[in-house]
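Peer 1: Residue strings, one per chain:
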Amino acid sequence: MLFTSYEFIGFIFALAILYYVFPKKLQWMLLLLFSYLFYWIANPIYLIYIAVTTVTIWGCGRMIERNFATQSEYLKANKESLTKEEKKAYKNSKKSARGRWLLLGVLVNLGILAVVKYTDFIVGIFTGKGLGFMDLAVPMGISFYTFQAIGYLIDVKRGTVKAEKNLFKFALFVSFFPQLVQGPISRFGDLSQTLYAEHRFDWTNVSYGIERIMWGFFKKLIIADRVAPAVNVLISDVSVYHGAYAFVGMVLYTLELYADFTGGIDVTIGVAQMLGIRVTENFNRPYFSTSLKEYWRRWHITMCQWFREFVFYPVSTSKAIQGLAKFSRKHFGDNIGKKLPVYVSTFVVWFATGIWHGASWNFIVWGLLNWLILMVSEELEPLYDKFHGKFRFSNTIGYRIFMGLRTLLLICVLNMFDCYVSVSETFHAFLTMFTSANYSIFTTGELLNLGVSALDYIILLCGVLVMLIVSMVQVKGSVRDQIAAKPYPVRFVIWFALFLVILLVGAYGIGYDSSQFIYNRF
Amino acid sequence: MTKKRTVFLRVIVSVLLVCFALYFLQKLLMPKYVTGIVEGAFVAEYYEEENKDFDVIFVGDCEVYENFSPVVLWEKYGINSYIRGSAEQYIWQSYYLLEDSLRYHVPQAVVFNIQSLQFNESQNEAYNRMSIEGMEWSKSKIGAINASMTEEEHFLDYVFPILRYHSRWNELTEDDFKYMFHSPKVSYNGYFMRVDTRPVETVPEGNALADYSFGDKAWEYLDKMRELCEENGIQLILVKAPSVYPTWYEQYEQQVEDYASKYDLPYYNFLELTEEAGIDYSTDTYDAGLHMNINGAEKLAEYFGRILSEEYGIIDRRGNQELDDIWAENIKEYENEIDRQCEYYQVDKNTLYRYRESDK
Amino acid sequence: MDELLEILNDLHPDVDFTTETGLIDNMILDSFDIVTLISEISENFDVTISAEYIIPENFNSAQALYALIEKLEDEE
Numbered sequence: 016m017l018f019t020s021y022e023f024i025g026f027i028f029a030l031a032i033l034y035y036v037f038p039k040k041l042q043w044m045l046l047l048l049f050s051y052l053f054y055w056i057a058n059p060i061y062l063i064y065i066a067v068t069t070v071t072i073w074g075c076g077r078m079i080e081r082n083f084a085t086q087s088e089y090l091k092a093n094k095e096s097l098t099k100e101e102k103k104a105y106k107n108s109k110k111s112a113r114g115r116w117l118l119l120g121v122l123v124n125l126g127i128l129a130v131v132k133y134t135d136f137i138v139g140i141f142t143g144k145g146l147g148f149m150d151l152a153v154p155m156g157i158s159f160y161t162f163q164a165i166g167y168l169i170d171v172k173r174g175t176v177k178a179e180k181n182l183f184k185f186a187l188f189v190s191f192f193p194q195l196v197q198g199p200i201s202r203f204g205d206l207s208q209t210l211y212a213e214h215r216f217d218w219t220n221v222s223y224g225i226e227r228i229m230w231g232f233f234k235k236l237i238i239a240d241r242v243a244p245a246v247n248v249l250i251s252d253v254s255v256y257h258g259a260y261a262f263v264g265m266v267l268y269t270l271e272l273y274a275d276f277t278g279g280i281d282v283t284i285g286v287a288q289m290l291g292i293r294v295t296e297n298f299n300r301p302y303f304s305t306s307l308k309e310y311w312r313r314w315h316i317t318m319c320q321w322f323r324e325f326v327f328y329p330v331s332t333s334k335a336i337q338g339l340a341k342f343s344r345k346h347f348g349d350n351i352g353k354k355l356p357v358y359v360s361t362f363v364v365w366f367a368t369g370i371w372h373g374a375s376w377n378f379i380v381w382g383l384l385n386w387l388i389l390m391v392s393e394e395l396e397p398l399y400d401k402f403h404g405k406f407r408f409s410n411t412i413g414y415r416i417f418m419g420l421r422t423l424l425l426i427c428v429l430n431m432f433d434c435y436v437s438v439s440e441t442f443h444a445f446l447t448m449f450t451s452a453n454y455s456i457f458t459t460g461e462l463l464n465l466g467v468s469a470l471d472y473i474i475l476l477c478g479v480l481v482m483l484i485v486s487m488v489q490v491k492g493s494v495r496d497q498i499a500a501k502p503y504p505v506r507f508v509i510w511f512a513l514f515l516v517i518l519l520v521g522a523y524g525i526g527y528d529s530s531q532f533i534y535n536r537f
Numbered sequence: 050m051t052k053k054r055t056v057f058l059r060v061i062v063s064v065l066l067v068c069f070a071l072y073f074l075q076k077l078l079m080p081k082y083v084t085g086i087v088e089g090a091f092v093a094e095y096y097e098e099e100n101k102d103f104d105v106i107f108v109g110d111c112e113v114y115e116n117f118s119p120v121v122l123w124e125k126y127g128i129n130s131y132i133r134g135s136a137e138q139y140i141w142q143s144y145y146l147l148e149d150s151l152r153y154h155v156p157q158a159v160v161f162n163i164q165s166l167q168f169n170e171s172q173n174e175a176y177n178r179m180s181i182e183g184m185e186w187s188k189s190k191i192g193a194i195n196a197s198m199t200e201e202e203h204f205l206d207y208v209f210p211i212l213r214y215h216s217r218w219n220e221l222t223e224d225d226f227k228y229m230f231h232s233p234k235v236s237y238n239g240y241f242m243r244v245d246t247r248p249v250e251t252v253p254e255g256n257a258l259a260d261y262s263f264g265d266k267a268w269e270y271l272d273k274m275r276e277l278c279e280e281n282g283i284q285l286i287l288v289k290a291p292s293v294y295p296t297w298y299e300q301y302e303q304q305v306e307d308y309a310s311k312y313d314l315p316y317y318n319f320l321e322l323t324e325e326a327g328i329d330y331s332t333d334t335y336d337a338g339l340h341m342n343i344n345g346a347e348k349l350a351e352y353f354g355r356i357l358s359e360e361y362g363i364i365d366r367r368g369n370q371e372l373d374d375i376w377a378e379n380i381k382e383y384e385n386e387i388d389r390q391c392e393y394y395q396v397d398k399n400t401l402y403r404y405r406e407s408d409k
Numbered sequence: 612m613d614e615l616l617e618i619l620n621d622l623h624p625d626v627d628f629t630t631e632t633g634l635i636d637n638m639i640l641d642s643f644d645i646v647t648l649i650s651e652i653s654e655n656f657d658v659t660i661s662a663e664y665i666i667p668e669n670f671n672s673a674q675a676l677y678a679l680i681e682k683l684e685d686e687e
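Residue numbers (the working numbering), protein chains in the order written: chain X, 16 to 537; chain Z, 50 to 409; chain P, 612 to 687.
Mimicking BS3-like on lysine-lysine, the simulated pairs with C-alpha atoms at most 25 Å apart in a straight line are:
# : chain 1 : residue 1 : chain 2 : residue 2
1 : P       : Lys682    : X       : Lys94
2 : X       : Lys334    : P       : Lys682
3 : X       : Lys401    : X       : Lys353
4 : X       : Lys341    : P       : Lys682
5 : P       : Lys682    : X       : Lys177
6 : Z       : Lys190    : Z       : Lys234
7 : P       : Lys682    : X       : Lys109
Computed footprint of chain X on chain Z, listed as stretches where at least three residues anywhere in the stretch have a Cβ under 8 Å from a Cβ of chain X:
# : region
8 : 56-69
9 : 203-215
It is worth saying that the hints were derived from the structure and are not from the lab.
All values derive from a computational prediction rather than experimental measurement.
Glycine is no exception: its CB is placed at the ideal position from the N, C-alpha and C atoms.
When you get a sec, could you build the whole thing from the sequences and use the hints?
Peer 2: Here it is as structure tokens:
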């Protein structure tokens, strides 16, 4: 069920009514019911996958929790009789038992993910044959809910959160439908606070939620779906669409990706807020970043956090890496020894991030390029600092805008890996931007033959301007708070205008191939 | 208390404003079918008839609404008839339009043109729209929508046509404002008139088909139509209009003949009766044989009207004051349109069959 | 404690680590700094801070970090 379908609107409308009419004790059960219904509509087979993940992670979580309990009971009961060493030995044995439960849960679930998502790819590497060996249907959102569930288990093992006793409540955490399709990847400690709570009908929540949903629809229907036909043409064939076309394709794809993904997350957060549930923000005006490093703190935040906390820190603080650091300190000097853990573990992180996005060389190369750029700019940072210290203009707004655009361009280029069928074709398309002398297409009107009319371009431009203005207003604080502070007639006009624009200008219905949200694939 | 009242008032005013605005927008954005493709307006026009006590109802696609002139049926035989047809109207749409008409009156006879049997699924969303959108809401309309929708369509788009036409805002013309709430009549009891002529020169040979048999869904609705007529004591008459193209295959003909004889239904294939009806393909068609012009439509009405009144006893309603008045008005409009079109297409009115006394 | 302050000052000479209590919250230390810091600490203190201890409360100030090191040393 697409977020922008009539069915989805009807679905959340029905849910919202039942949610506030039902006894509040039953609210979370209703959510679970609707979440499973949502998944069932997509494909009943998928339910098996999500149920297996739910039960295994829940079970491992319970075992770890029980382990904690016996440990503290035992230590309490034998407080006097045990020596310090005995206590330590006991604790360590318990801890490694918890580690085994964690490992079990993680392996089973990463195993499922690996089999459904990566078998074809790996078989392809060894046999040289293309895809289609297993041809398994990848369950909707499996990358997201698997990571969310694993994150929970690690949190339980670390003692950050208490394991959930109720299997069904835990099932809701894994399957909560607004974020099932494309995230955000919530932490149990965050989401559980409002997910299971009883919620009274609250006009602020409901109106804020609806505003947020409409804003998501605006991005998706006015911008993403309108630009999609052109992007699909532009990236279809490099031999035809090279040079300037590739450039336009890259820029428009970056626009589409932003509008599509952040719009989808807006709908997710809006739906949750309508129900009184707080879902973590996933974006923080990412295209305003002035460096790639900053961008990765502001784009797809929950995924980056996940990789940072559950891959980057564990790897970089692991015995192996720390040992390696010590070794190289001895042999190659302090400087390298100090940096080595960062380099090696970021490499691991970016390799994993790449492969998480999809089973293809494109994403692997994309991830490693990100890594390379981040490391190079890390190395060059002292140089930058010197440069910025020397020249005054580096503090001006103009220079910041320059850095922002430079970063955005870099992101555009990296996004190309998402567009083309292979790594070599991506590089080829990139190179043609410098070798093809077809930049005259900007003046000859060729860009109007891509399935996007002049009017569409005007609408896109206006849409981008609106997004830009909203982002700038947002710097001062929540846009919806600012709207809420206005008198009712003004609020009404804003709501109605937004609604009408979506209704009339939105690219939906016959003639528009309402494309899937891009991030569904991952 | 006052706070509650302001909130209440706000909600009421806001909801009313939104509903009004959307209603007006919808009216504005929906296609008007007044100029150009007027076929889209036919289905809705039926409801404007004050007296719906018709004795004969024609259902079908362009092969009925361009090929029979109800005015002539009245003038010659006193037959009070109406054509419920629209462009490429599929058989399930014909069925539901008939069912819809029965809500108002039960005719003596229903004439169905079997051309659409060859389609087992709706082929085109635009035609669905033209056939269904004009219907007033009823069980029949819901049935028609459900039977017709192509994969890309959605029921809600019929309930709120603004969802379908939302992007028409950049193609609005003066007509859209002018005819927002009311459009002028474009048909004559469902008949679509053309006075110009383009003779048949060559008849293209039909391509061989892999399978000539009509589909299950098509048969299902023919059965339903037959049963509906039986239940209501209506004489169902099957016809094939004398359009020479698209090709009416021998294999098609055989299936219809078999069906007709199985259920004892009359079937007239006017392709084989052109001589009797006096159809002249050099003067009686405006598009080289796909459809009749006014000459052909009047000749067919004359010929078929005799059959209707003599063989099926359709009563002569002339003399009924109310109907006489209505038809006098209809005929006036009909002739005005002839004059208008003669001027537009630069046709000498006296060459039309209607005014050629010598032929009669 | 002085040893720790030295390491921190090496990392960010422009920050006064004796008073700052929002190293993470104010985004003074990023993830790369934290990892570098941990490997420096493991070099100088002979404790390895594992991932589960990397939470803002432990890294927001030099005091908190020192307390963590002491606690871990005690457990070793």
